[in-house]
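Undergrad: Sequence:
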Amino acid sequence: MSVLHLVNASPFESAALSRCLARAGEGDAVLLLENGVYGALAGCRFSDEVAAAATRLDIRVLAPDLDARGLCASNLLQSLDRVGYDGFVELAVRHELSLTWT
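If you're matching positions, the sequence shown starts at 1 in the numbering used here and goes up one per residue.
For the record, the hints were derived by calculation from the structure and aren't laboratory data.
Every residue gets a Cβ at the ideal spot worked out from N, C-alpha and C, and that includes glycine.
Hints may be right or wrong, so weigh each one.
As the list claims (entries may be wrong) - So the derived label-pair ranges between C-beta atoms look like this: (1) G43 to L97: 27 to 37 Å; (2) S79 to S2: 26 to 36 Å; (3) M1 to N75: 31 to 41 Å; (4) M1 to S74: 18 to 28 Å; (5) R94 to R23: 14 to 24 Å; (6) G25 to C72: 15 to 25 Å; (7) A92 to R56: 30 to 40 Å; (8) C72 to M1: 33 to 43 Å.
Hey, can you work out the whole structure from these sequences and the hints?
TA: Now the structure itself:
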């Protein structure tokens, strides 16, 4: 049974992203949204952890939340894809369960 993991807390203020990546399994997806999008930034202290997890997990970033924080696609790890609200819905439909990490 696959899980959509929703991470909405900034990795600079919460261990939610690290806990999520450690527990997510094969076939799961991770969507970084709200302040969780900061975990997708290239060159930050979480970059290596997120990039390594992206080799086994489908990690996406919610584009409207990036835009709301003034972040550009060029600021992101290259292995991560941006999705809009339609992509969010598609992920939710594709996975049987969802789990929010705060």
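Undergrad: Taking the earlier hints as the rules, which of them does this structure contradict?
TA: 2, 4, 6 and 7
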